[in-house]
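Take the given structure of chain W and dock chain X to it, following the hints.
Residue-level listing of the chains:
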Amino acid sequence: MTEPQNSSTALASRGSLVMDAETIRRALRRMAHEIVERNSDLSAIALAGIPSRGVEIARRIAEFIGSVARTQIATGVIDVSLHRDDVGQRADLPVVHPSHLPVPIEHRTIIIVDDVLYTGRTIRAAIDAIGSFGRPARIQLATLIDRGHRELPIRADYVGKNIPTANGERVRVRLQDVDNEPDAVWLIKDQTS
Amino acid sequence: MMAALTSELRWHRKDLLGIRELCADEITFVLDNADAFKQVGTRDVKKVPALRGKTVVNFFVEPSTRTRTSFELAAIRLSADVINISASTSSLTKGETLKDTAKILEANHADIIVLRHSSAGAAHFLGERLSASVINAGDGAHEHPTQALLDLYTIREKKGSIAGLHVVIVGDILFSRVARSNIFGLLKLGARVTLVGPTTLVPRAFEQLGVSISNDIDAVLPTADVVNLLRIQHERQGKEYFPGLGEYIRLFGLTKARAKLLKPECLIMHPGPINRGVEIDSELADGVQSVILDQVTNGLAVRMAVLYLCGGIGKR
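Chains as they are written, first to last, in the working numbering: chain W, 22 to 214; chain X, 3 to 318.
Next comes chain X alone, as it looks inside the complex:
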């Protein structure tokens, strides 16, 4: 504990755009801060004045319920004022460009813009152009940094540390920003990562990131410390990437029979929304190894930490 007390690392970023550009110390710094924000949730008054007078704009050009709600609650707990803008209510549908919409938000004195967008790089684009803080809440199939941070936080909370763990990510890697952000974070913190899925959704090119790839889930599960199951993102796939759901379940679904291969202490994670009976058996999703609800609770703490850190520093 004393080592943590004298930590001299300090946060200096106004934006959180991705995990790729963070160093291991910065990731650990955010996770350490999240501890303090998780504690706030146990107080009589579950709200702190940290961002009082700041305005947070949840700018979700792509639909989302859980991430937007989590960011909204996090901002409220920090005493910020929050407004939500979704694609259907914004002028983007009237032909306004992303940059113009963002400039208008900033002209209205938005201090922090939480952006969910279908195009990779959208958050970077705004971060470079605005003096407001920009938090990437998912950009296309690129990154979803707060999801990776809450996954890392949950793993660290349950396992003590991340270095040396074997983390298996199963499913639609190709279209998954969650997978990409998780891979960057896990590798930086010293975990071993194996990606499992049909070759069409787990291209060999991912090996260049430093992960292993397998098409045989049964061979990988016995050594896993964490299994992170991803949803098949039909909405992002323009064509069929595997013959059918029945075959996907048979080859890659975490069924009850298959779960017997897991170590008893192996964590089962899922970023949601869950397709029960497809990537995971319904009973397993609610079982003792599942930390899916912890992920949601921790997501709030992690997002409070990110909003506080990025929104709390002085702007140029």
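Chain W extracted, bound-state conformation:
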């Protein structure tokens, strides 16, 4: 969903900054509050980040929840590569990360965390992947950006920011600890237009 290649300066000339470090921080803090509000038993929830940036976002949300509710909440990693529906259609493959969830997951609410929600296919794969660890009490979804254009009946429970986009546009998320670039979200215009 996000592109690793181009340099940030070249992209900035074609795109617009939609979130800076401070707005990202506030959005994640608000999401943490909403998670606390909607889940009365915080010991029964676990955040599952989708690599790479989802893992970092989950870590930050967990930190906010920790300072708001004074409780440590469980976090894990859910890699979706092995559950995707486009096997044999891609020209190359990225590394698969080991998944780990706090087990048992049977009586927990698992909150999937990702950077950008787009078609919903990644989330469908994540739900499927979680199923191979057991049967959680419920699964929720938190995303920093919801850019629309769903191809599956999936919606987010916690959204940092809704960004209306055209199909040809790209949302580019950068997080300091993952990308070694300052926190930012860019909307990159359609290259063909």
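FYI, nobody ran anything at the bench for these hints, they're computed from the structure.
Among the clues, some could well be false.
[Stated by the list, open to error] Think about it this way: if two alpha-carbon atoms lie no more than 25 angstroms apart in a straight line, the pair counts; the simulated SDA-like pairs of lysine to any residue are: (1) Lys105(X) to Ile78(X); (2) Lys182(W) to Ser37(W); (3) Lys48(X) to Ser37(W); (4) Lys49(X) to Arg111(W); (5) Lys101(X) to Pro65(X); (6) Lys262(X) to Asp107(W); (7) Lys49(X) to Gly141(W); (8) Lys160(X) to Lys258(X); (9) Lys317(X) to Pro115(W); (10) Lys40(X) to Asn86(X); (11) Lys40(X) to Pro115(W); (12) Lys49(X) to Ile78(X); (13) Lys48(X) to Pro115(W); (14) Lys265(X) to Lys317(X); (15) Lys49(X) to Lys210(W); (16) Lys40(X) to Asp106(W); (17) Lys40(X) to Val124(W); (18) Lys317(X) to Asp107(W); (19) Lys40(X) to Arg145(W); (20) Lys49(X) to Gly152(W); (21) Lys48(X) to Asn86(X); (22) Lys48(X) to Lys182(W); (23) Lys182(W) to Thr140(W); (24) Lys48(X) to Gln161(W); (25) Lys40(X) to Arg156(W); (26) Lys49(X) to Gly109(W); (27) Lys48(X) to His121(W); (28) Lys49(X) to Ile160(W); (29) Lys258(X) to Pro224(X); (30) Lys105(X) to Ser81(X); (31) Lys160(X) to Leu264(X); (32) Lys48(X) to Glu127(W); (33) Lys262(X) to Asn277(X); (34) Lys317(X) to Arg111(W); (35) Lys40(X) to Thr140(W); (36) Lys160(X) to Leu263(X); (37) Lys258(X) to Ile315(X).
For chain X alone, kept in the frame of chain W given last:
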């Protein structure tokens, strides 16, 4: 961990034919992926839908139990459909050529062909001609890439990294595809390799690959971080290469007395099948330094990674 998360290397090969043509980053990439597949084995549901709808053909023209079983289980864990063809059941015995048999497999929509063959280069031959993925499961005395990858994975898992380690490979190097693939992989990842065995089975020509050669195992063992023992492949040897097993054991067998020369943390490896009492003392094979069973477990994870990577990319 964060460095690994941002790794931008991506896999683009449809075939795994040998270790020689891989670069160090590609080898490391496969090993990193194997971590994820090893984790799958610890889940409630030890099966992922990664290759659902794909057909894997285990095409073993030369006998094998452990490699074929490992590939078969790996394919099943990835939700692929698997069929096994052995030399005695294939039409090769009726005079059909390897290429024709493979074409027929492909016409039956095989997506991945795992090939074990007695001729060096057989996998390359098919890889170049078929759009299906071809995985070399051993071609003559040439290469056995998944064995080398699982050995490298096991060493990395136990030792943390491979660069700088001294790895000693003992035995029948001349006829060993395991040795050849291991040598390529170990050197690319920065290990120092010493080959030990009778001169007839460890020709000097191997020095050109960048390894040391010794006929004195007792001089080499004290500095070893890993000892990889190979079986004497009687079936591949047309004539006798050393006077007798008794002499081989006395000169090159890892006996209990000889094992005292090893560092306590030195790993003992063996690709199997083991000839207990010949290349390795039976107690040592089951001892604390032995990682022989880890090699088997890791073999499954590595082969899942290889099937997923080669079978998962788009075909032309």
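Now for the hints, and whether the structure bears them out:
Restraint check for Lys105(X) and Ile78(X): satisfied, since their Cα atoms lie roughly 23 angstroms apart, inside the 25 angstroms limit. Between the alpha carbons of Lys182(W) and Ser37(W) the distance comes to roughly 15 angstroms, so the proposed pair stays at or under 25 angstroms and holds. With a C-alpha separation of about 44 angstroms, the suggested pairing of Lys48(X) with Ser37(W) is violated against the 25 angstroms cut-off. The suggested pairing of Lys49(X) with Arg111(W) holds, with an alpha-carbon distance near 22 angstroms, which does not exceed 25 angstroms.
With a CA separation close to 19 angstroms, the supplied pair Lys101(X) and Pro65(X) stays within the 25 angstroms bound. With a C-alpha separation of about 54 angstroms, the suggested pairing of Lys262(X) with Asp107(W) is violated against the 25 angstroms cut-off. This hinted pair checks out: Lys49(X) and Gly141(W) have alpha carbons roughly 23 angstroms apart, not beyond 25 angstroms. Taken as a hint, the Lys160(X) and Lys258(X) pair is honoured in the structure, with Cα atoms around 22 angstroms apart against an allowance of 25 angstroms.
Among the hinted pairs, Lys317(X) with Pro115(W) is consistent with the structure: their alpha-carbon atoms are about 17 angstroms apart, no more than 25 angstroms. With a C-alpha separation of about 24 angstroms, the suggested pair Lys40(X) and Asn86(X) falls inside the 25 angstroms cut-off, and the hint holds. Taken as a hint, the Lys40(X) and Pro115(W) pair is honoured in the structure, with Cα atoms around 17 angstroms apart against an allowance of 25 angstroms. For the hint pairing Lys49(X) with Ile78(X), the CA-to-CA distance comes to about 8 angstroms; that is within 25 angstroms, so the pair holds.
Proximity of Lys48(X) to Pro115(W) is assessed by CA-CA distance (about 22 angstroms); at most 25 angstroms being required, the pair is judged to hold. Only pairs whose Cα atoms come within 25 angstroms are accepted, and Lys265(X) paired with Lys317(X) is rejected, the gap being roughly 48 angstroms. The suggested pairing of Lys49(X) with Lys210(W) is violated, with an alpha-carbon distance near 40 angstroms, which exceeds 25 angstroms. Taking the CA atoms of Lys40(X) and Asp106(W), the gap is about 22 angstroms. The hint holds against a cut of 25 angstroms.
A C-alpha spacing of about 17 angstroms is found between Lys40(X) and Val124(W), which places the hinted pair at or below 25 angstroms, so the restraint holds. Note on Lys317(X) and Asp107(W): the hinted pairing holds, with a Cα-Cα distance of about 13 angstroms set against a maximum of 25 angstroms. For the hint linking Lys40(X) to Arg145(W), the alpha-carbon distance of about 23 angstroms falls within 25 angstroms, and the restraint holds. The suggested pairing of Lys49(X) with Gly152(W) holds, with an alpha-carbon distance near 11 angstroms, which does not exceed 25 angstroms.
Proposed proximity of Lys48(X) and Asn86(X) is supported: the alpha carbons are some 22 angstroms apart, at most 25 angstroms. For the proposed pair Lys48(X) and Lys182(W), the alpha carbon gap of about 37 angstroms is over 25 angstroms, so the pair is violated. As the CA atoms of Lys182(W) and Thr140(W) are separated by approximately 16 angstroms, the hinted pair is consistent with the 25 angstroms bound. At most 25 angstroms may separate the alpha-carbon atoms for a hinted pair to count; Lys48(X) and Gln161(W) meet this at roughly 24 angstroms.
Simply put, Lys40(X) and Arg156(W) have alpha-carbon atoms about 21 angstroms apart, close enough for the 25 angstroms limit, and the pair holds. For the hint linking Lys49(X) to Gly109(W), the alpha-carbon distance of about 18 angstroms falls within 25 angstroms, and the restraint holds. Only pairs whose Cα atoms come within 25 angstroms are accepted, and Lys48(X) paired with His121(W) is accepted, the gap being roughly 13 angstroms. Distance check on the hinted pair: Lys49(X) and Ile160(W) sit about 21 angstroms apart at the alpha-carbon level, within 25 angstroms; holds.
At roughly 14 angstroms between alpha-carbon atoms, Lys258(X) and Pro224(X) fall within 25 angstroms of each other, so this suggested pair holds. Straight-line distance between C-alpha atoms of Lys105(X) and Ser81(X) comes to about 24 angstroms, which keeps the hinted pair within the 25 angstroms bound. Taken as a hint, the Lys160(X) and Leu264(X) pair is honoured in the structure, with Cα atoms around 16 angstroms apart against an allowance of 25 angstroms. The hinted pair formed by Lys48(X) and Glu127(W) meets the criterion: a straight-line CA distance of about 17 angstroms does not exceed 25 angstroms.
A C-alpha spacing of about 21 angstroms is found between Lys262(X) and Asn277(X), which places the hinted pair at or below 25 angstroms, so the restraint holds. Proximity of Lys317(X) to Arg111(W) is assessed by CA-CA distance (about 9 angstroms); at most 25 angstroms being required, the pair is judged to hold. The straight-line distance between the Cα atoms of Lys40(X) and Thr140(W) is roughly 30 angstroms, outside the 25 angstroms bound, and the hint therefore fails. Among the hinted pairs, Lys160(X) with Leu263(X) is consistent with the structure: their alpha-carbon atoms are about 20 angstroms apart, no more than 25 angstroms.
With a C-alpha separation of about 48 angstroms, the suggested pair Lys258(X) and Ile315(X) falls outside the 25 angstroms cut-off, and the hint is violated.
Hint check: violations occur at hints 3, 6, 14, 15, 22, 35 and 37; the rest are consistent with the structure.
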